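Novice: The residues making up each chain are set out below.
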Amino acid sequence: DGGITQSPKYLFRKEGQNVTLSCEQNLNHDAMYWYRQDPGQGLRLIYYSQIVNDFQKGDIAEGYSVSREKKESFPLTVTSAQKNPTAFYLCASSIHSNEKLFFGSGTQLSVL
Amino acid sequence: AQSVAQPEDQVNVAEGNPLTVKCTYSVSGNPYLFWYVQYPNRGLQFLLKYITGDNLVKGSYGFEAEFNKSQTSFHLKKPSALVSDSALYFCVDRFGGGFKTIFGAGTRLFVKA
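First to last, the protein sequences are chains F and G. Per this note's numbering, the very first residue in the first sequence carries number 2; after that it's consecutive. Per this note's numbering, the very first residue in the second sequence carries number 46; after that it's consecutive.
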């Protein structure tokens, strides 16, 4: 079955630590996205990538970094500079910019 | 600035009754409007979209939405609610068909048996 796989499902970060969230898709989509979901708020865009080796900042990119070395993979690193990282992180992909998003099942990140 | 408003945090409806989840968007260029549903601890699933054409859009699971340009609204509807429809619903504008997206804050739908 085609889809998007996010891992791990739960992740804990210690103070000053960088952590990386994995996102893999086998839908052959060019575009991939990372969103952050906080309770009572809609999703906010962290980064997006239109194509391999290219990515753009979204609305809340500070404290995060990404890479897109392969079409299937778009990992997100939450750096120590992100002072409030506790949230539910969702990865998504789409065929084109105006097409529907396909979402992974998410990673819940918490701070120890 | 572009925005999407979902004026109700929560909607309660009895099973078998019609349901409406409201959404309004700000006017700037051409809206590309979507509805997504999120079940607990899961990713979002696409329900339907409006880009151009018919103002009444039909989607998954019996849902439909009506685009109203004069009222800048895109309300989600279903003629007969099911308990399994209970979830969090998001209205989304991918304005101009670009990569950036504006999500509403979400409306939690409770359907009581």
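It is worth saying that the hints were derived from the structure and are not from the lab. None of the values given here were measured: they were computed from a predicted structure. Ideal Cβ placement from N, Cα and C applies to all residues, glycine included. Hints should not be assumed to be uniformly reliable.
Said to hold, decoys possible - Derived pair list, reagent style PhoX-like, types lysine-lysine, alpha-carbon separation capped at 20 Å:
(1) G:K157 / F:K101
(2) G:K94 / F:K58
(3) G:K94 / F:K101
(4) G:K103 / F:K58
Stated by the list, open to error - Computed spacing ranges between beta-carbons, pair by pair:
(5) F:Q51 / G:K114: 26 to 34 Å
(6) F:V53 / G:Q55: 24 to 32 Å
(7) F:T78 / G:T97: 36 to 44 Å
(8) F:I96 / G:G107: 43 to 51 Å
(9) G:L101 / F:T78: 25 to 33 Å
Novice: Next, verify each hint and record whether it holds.
Specialist: Structure-based check of all given hints:
With a CA separation close to 30 Å, the supplied pair K157 of chain G and K101 of chain F exceeds the 20 Å bound. Of the supplied pair hints, the one linking K94 of chain G and K58 of chain F is violated, its CA atoms being roughly 25 Å apart against a limit of 20 Å. Distance hint between K94 of chain G and K101 of chain F is fulfilled; the C-alpha atoms sit about 8 Å from each other, no more than 20 Å. For the hint pairing K103 of chain G with K58 of chain F, the CA-to-CA distance comes to about 33 Å; that exceeds 20 Å, so the pair is violated.
Here the CB-CB span from Q51 of chain F to K114 of chain G is close to 29 Å, well matched to the stated 26 to 34 Å. Between V53 of chain F and Q55 of chain G the Cβ separation comes to about 42 Å, which falls outside the hinted range of 24 to 32 Å. The hinted window of 36 to 44 Å between T78 of chain F and T97 of chain G holds, with their beta carbons roughly 39 Å apart. For the pair I96 of chain F and G107 of chain G, the beta carbons lie near 25 Å from each other, so the given range of 43 to 51 Å is not met.
Separation of L101 of chain G from T78 of chain F is about 44 Å and departs from the stated range, judged on CB atoms against 25 to 33 Å.
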